[in-house]
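> Sequence:
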Amino acid sequence: AWRDVVGTVSIHFCADDWNLIRDLITEMQLNPLGRCNVAQASFSIREDFEAVLSDTKPEPDQTAVEERLISTAQKTLAEIDSDPLIEERDHVEALLTLQTLMKLDVISSTKAFDSSPDPES
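FYI, the numbering used here numbers position 6 of the sequence shown as 6, with every residue one higher than the one before it.
You may find that some hints are simply not true.
For each label pair, taking beta carbons as the anchor points, the in silico distance ranges come out as [as the list claims (entries may be wrong)]:
no., residue 1, residue 2, range
1, Asp16, Ala64, 31 to 37 angstroms
2, Asp114, Thr56, 19 to 25 angstroms
3, Asp83, Glu27, 19 to 25 angstroms
Since the hints were derived computationally from the structure, they do not count as laboratory data.
Remember, it's a predicted structure, so these values are computed and weren't measured experimentally.
Note that CB positions come from ideal geometry on N, CA and C, so glycine has one too.
Could you put the whole structure together from the sequences, leaning on the hints where they help?
As structure tokens, then:
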């Protein structure tokens with residue numbers, strides 16, 4: 001079902017929960033999505049478009065999006081100590097992205113935290 005999402009997904013946590021979110025991700029390596037309330041989530045589902053258009057569309061191929069998210073997250077983690085422009089939020093977002101994609105079996109844990117170039121690319 002998550003592959004039926006069309007476009008970008010935005011998740012916003014409550015400001016009061018930020019310390020908990022950060023600690024769950026960075027210190028405990030836990031994904032907070034099942035543990036914390038989300039202040040706002042924004043996304044579109046393919047079925048919604050099908051209902052409006054009275055048409056069935058094939059499941060979108062999210063591979064390119066997933067690869068871009070993985071690459072961006074890995075780059076952030078690899079450069080966190082050397083790039084002064086990487087903020088705490090960037091670090092948390094990168095870890096959350098990789099943890100979520102691992103939970104969805106898009107990427108293995110060994111590949112998720114390996115920032116070396118993929119020889120198959």
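> Would you mind marking each hint as holding or not holding in the structure?
Verification of the supplied hints:
1. Asp16 x Ala64: 31 to 37 angstroms: holds (36 angstroms)
2. Asp114 x Thr56: 19 to 25 angstroms: Cβ of Asp114 to Cβ of Thr56: about 38 angstroms, so the range 19 to 25 angstroms is violated.
3. Asp83 x Glu27: 19 to 25 angstroms: Holds, at about 22 angstroms.
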